[in-house]
Structures are given as C-alpha cells and as structure tokens.
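Let the sequences and hints guide you as you build the complete structure.
As given, the protein sequences belong to chains A and Z, one line each in that order.
Taking numbering that gives the first Met the number 0, I'd label the letters of the first sequence as residues 0 to 295.
Taking numbering that gives the first Met the number 0, I'd label the letters of the second sequence as residues 0 to 323.
In short, the hints are calculated from the structure, not lab data.
Among the hints, erroneous ones may be present.
To be verified - Keeping only pairs whose Cα atoms sit at most 20 Å apart, straight-line, the calculated EDC-like set for lysine to aspartate or glutamate is: (1) LYS6/Z to ASP130/A; (2) LYS25/A to GLU285/A; (3) LYS25/A to GLU129/Z; (4) LYS6/Z to GLU285/A; (5) LYS6/Z to ASP123/A; (6) LYS6/Z to GLU282/Z; (7) LYS25/A to ASP132/Z; (8) LYS72/Z to ASP60/Z.
What the hints assert, rightly or not - One-sided excerpt, in silico: chain A residues whose CB lies under 8 Å from chain Z: (9) LEU245; (10) TRP259; (11) GLY266; (12) VAL273.
No residue lacks a Cβ here, since even glycine has one placed at the ideal position from N, Cα and C.
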Amino acid sequence: MANEDVEMAPWKRKVKGFWEAFKRSKLGMTGLILLLIFLMIAITAPIIAPYPVYGPESRVGIPFEPPSNEHWLGCDELGRDLFSQLLWGTRVSLFVGFLAALMATFIGLIIGIVSGYFGGVIDDLLMRITDIILVIPGLPFMIILAAVLGPSIINIVFVIGILGWTGTARLIRSQVLSLKERPFVEAARAAGASDAHIMFKHIMPNVMPLAFAQMILGVSGAVLSEAGLSFLGLGDPTHISWGMMLHYAYEFGALHIGAWWYVIPPGILITAVVVAFTFMGYAFDEILNPKYRRRR
Amino acid sequence: MREYLIKRIIQGIVTVFVVVSINFFLFRAMPGNPFMRFIESQPRGKVKEMVDIYIKLFGLDKPLWEQYLIYMKNLLVGKFGYSFRQVGVPVSKIIMERLPNTLILMGTATTLTIIIGIALGVIAAGRRGELADISTVIIGLTLYSIPIFWLGLVFILVFGFWLGWFPLWGMLTPGKYFSNPFEYAVDYLWHMTMPCTVLVLVSAGGWALITRNALLDVFTEDYILTARAKGLDERTVFYKHALRNAMLPLVTMIALSFGFIASGAVLTETVFSWYGIGRLLYEGTMQHDYPVVQAAFFMIAVCVIAANIIADILYAYLDPRVKY
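This is the structure we're talking about:
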C-alpha cells in the first residue's frame, strides 16, 4: 500500500487523499447522493415519466387540474401532466448547470494559469479584465445578453458561462504563483521544456482539484441563473425546465387560483439540486482550504 | 492613502467606461437595428414611413461611431435619451421615478440582512461544533440555494392568497385615498414587507456562513493565542480581538455581494411588481424598449461599482497593515 502511494504521480495521490477526506464529510456525501439521484432521474426521464411532455399528445388532462391518482401533481394550463414535466425538467437544469460551469471553469483555468505563469504585463492586463468582469452585475447583464442573443439552450449556457470565471481565474492564479517557484518546474525548464509544456503538463494537473471544486460550486450558481432567466421568460421555449415551468405558472395565473401543485414542486427541485452542489462545494472548500485544515 | 484613493477612483471610472461601452455595442450588435426589433414586436407590425421617421428621430441612421460619441456625451450630462415605447418621455424621468423604490427596498433589505446574518454567524462561531453551529451551516447553505423568485411566489401563495395578510403585489393599495403622509408610508411598508422578508431570508444565510468562517479563520491566528495567554477572558478575546479582525474580510464580502443583491432586486421586484429599477430592466427587455434597458443597466452597474470602491477604501482605512 505504502509502495503504491509512492509510485503514484503526485496529482493522483492528491486525488486519492481528496476522496478519502471527502468521504468523511457528511455534508459532502449528502450532496453527492442527492446529485446521483437527480442524475438517475435525468437519464431515465423518458422511461419513468408517465405521460409525454412534448407535442399535442402531451395534453392528457384538464387545464389546472389538481393532483389526483392519474396526475400525481396535477396539470398545467394546457392540461399537460406536471409530474412528467418535472422529471424531464431535470435534464435541462443539470445540462445547463454543468455545461455553463464547465465553460466558466475552463476560461478561469486558462486565464489563471497564463496570468500566474507569465506575470508582468500579461498578468496585469488579464487581472484588470478580471476585475472589470467581476463587478458587472450578473443577472442584469445576463438578461440583456440573453435578450440580444435570443432564446436557446446553448445561448443560455454561453450567457451564464461568460461571466462566471473570474473567481476561478483569481484562485488558480494565486496557486500558480506559488507552484511555478517549485523545484519540479525549475527542473522541467532546465530540461528545455517549453512554456506551454510546463503550463499544461506540469502546472495544470496540480491545480485541477481546485478547478474541479470551483466547477462544482459553479454549477449551483449556474442552475440558479438558468432558473432565474427562464422564469423571466428568457429561456428556451422549446424545452421544459423548472424555471420555464415557474414562468408559465406565473404568467398563466396559477397564483390567482391557488394552484400550489404548479408553483411549489419545481422550486423544491431547483433548491434540492442547488443544495446538492452547494453541500459538495462546501465540503471541497473545507478540504482544500489550508486554513481550515489547520484546525483539525 | 490619498494616492490609493485617487487610483481606485480612476480604476472605477475605467470600469464604468468599459461597462457603458459594452452596453452600447451589445444593442448595436443585434441583427437589424434596435428600433426594428421594437417595431416588429408591436401588434400592428411595421409601418414603413413611421419606421423611417423614428429612425431619424432617434439618430439610428448616423454612423456607429457618431452614435457612440453622442451616447457618451449625453451620459456625461445625465441624459439617457427617450423611451421607444412611451413616446416623448425622457428615460431619465422614468429612472428617477423608479430609483427611490429600489433604494428603499434594497437599502432596508440589505441592512437587515447584514445585521441578522452577522449576528447568526457570531452565535454559530461561538458554539463551534454544537447544534446551533451545525444547524446554522446547514440552514445557511439551504437558504442560499433557494431561488429567490420562487420563495417570492410561495410567499404570495401562502401569506397573500391563502392567509390574506399581505397584498399579492404592487406598492400601494389601488384607488386608496391617503389623508396624510403617515397613512401613505404605512401602506407602502405593508406592501414592502413580503419582498423585503424574501430578500433577507435568502441572503442572510450566506452572511451567517461568511461571518462564521471569517471568525473561525481569525481564531487560528497567533494573536488570539497571545490574548488568551495574557489571561484575557473569552468575552474580551471574542469581541475585542476576534470579531474586530474578522470584520475585514466581511467588508470585502459586502462589496462583492452587491452584484448578488442587484440580481435579487431584478427577480424580487419582478415577482412582487415592485416598480423599481430591477423591474424596469425586465419590462424594458420584454418590450424591446432598449433606451430604457440601457439606462436601467447603467444605473445598476454604477451602483455596484461605486459600492465596490467604497468598500475597498473602507478596507484600506480599517486595516492598518494595508499599505498602498
């Protein structure tokens, strides 16, 4: 066992230690289990949903029908089964959340590494840009950008991802600043490795756990942003998401007739998904942040 | 200190300049011109002559760089142009009508949030590992995860529709006659209760967590050990040594949270039909009234940037270790 540890690449050992610590966090494991449940729902939605949700054959009930044995969570304004819509909505929320966070983390990772590694003018310029993006108010800007680009899932991903990288860039940069002084970077440089090689083969693997943690935290923000944008009517009308469901519920007056079955469930699911990622992110933070480790 | 102040303000001006430029070019990057989008969204469809007149009126036939210069010049003197929808009404007038509502709602909500959040965080940090601490962490993380607009919908459903305690939306009871300013204020505050509560609930959790973590960070510092070794009682250590130092990261967090507050304002104001800048941004976007959208975004961005600068300066002032 000890031998195995020594033979492992440093980043592999890091990942293993990371997982060991993560397993001990109750909050983190709760989040992971929640996430796995939602992933299962997203994958199996077409099989487990009792009614179709797209096209004319989705009108299976009476408009605003309250919950019953046939329709567990009632029907929407067109008589479509809400329980089936909730299951399908999982797909869009997770897809947008993951992809937007991935995009943001990728931009942040590249900018952080380049900025930290080269320093000087490049660093100054990139960090000034980061500072500017950081203070742009998120949702208001997303609303404008989404309105200009038009409603589609990919546009929503882009709109959320393009703003969300600043924190990651700063964090990765500060890590790279200390990493590039380490002997293994010196050794690689002495062996004649190019800058690109050092940045992506030697430094990048070492900041990956941090980038991964940032991505997980980013998903929770992205899911909330998607829900908000869709609720405001800027979502993709051809897909069902929880935010879109709440948009229609609000627009078609579900509140005026007290249709709680239309308003309450989508929000609970959004909260649950975001909670899953927030819990995991919090656990990651406790593991990776050296200040917390000292206290144990 | 003085140099830092000047540097920081210049930096802020540059940021505003960049944001304003993005604001300008974004709408011109749309296919067609912005006014065509507005016309196409109108029920009657396009009327050729009318479109031509309006394009001239709004200067949309001028070259882009000239439009940009006019736009910048007007912003400097506080002119935002005219609304597409409400013909002849200057946007600055609309903004001025809406701004007080946002400032009152967000000001009240933010103040309450910070007080409640910090108090909860202090309680949690003081009882690290106990039930009060663990429940603060879990409830804090969960509150942070609730979509604010949905909590608003639930409040409208429960406290407005079912219990009838609070009005479902708006800022004043329609058609009500107010005999004195006091009655007016009471009605206004009664309408504000729900949006304000929702805002506080969703953001206070995050504040409690940040305060707790900042305090726990400080507890690991050597000067806390020194203070305890000196024989100071826990109370003095906590309030005089720990809390005061933990306030520093909190100031930074206040600054960063203004972007979050702005997002919350748009959603909350929309849900509760609170006629502020956030709802204006939403309405303008939906109605393709781009001069209004630009102005609303400009106001929000300037507030957030200004708040950031103030927090940075405050930080430098509070922390004698910071030398610029």
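Cross-check of the supplied hints:
no.: 1; hint: LYS6/Z to ASP130/A; in the structure: holds (14 Å)
no.: 2; hint: LYS25/A to GLU285/A; in the structure: holds (12 Å)
no.: 3; hint: LYS25/A to GLU129/Z; in the structure: holds (15 Å)
no.: 4; hint: LYS6/Z to GLU285/A; in the structure: violated (36 Å)
no.: 5; hint: LYS6/Z to ASP123/A; in the structure: holds (15 Å)
no.: 6; hint: LYS6/Z to GLU282/Z; in the structure: violated (37 Å)
no.: 7; hint: LYS25/A to ASP132/Z; in the structure: holds (15 Å)
no.: 8; hint: LYS72/Z to ASP60/Z; in the structure: holds (18 Å)
no.: 9; hint: LEU245; in the structure: holds (6 Å)
no.: 10; hint: TRP259; in the structure: holds (6 Å)
no.: 11; hint: GLY266; in the structure: holds (3 Å)
no.: 12; hint: VAL273; in the structure: holds (4 Å)
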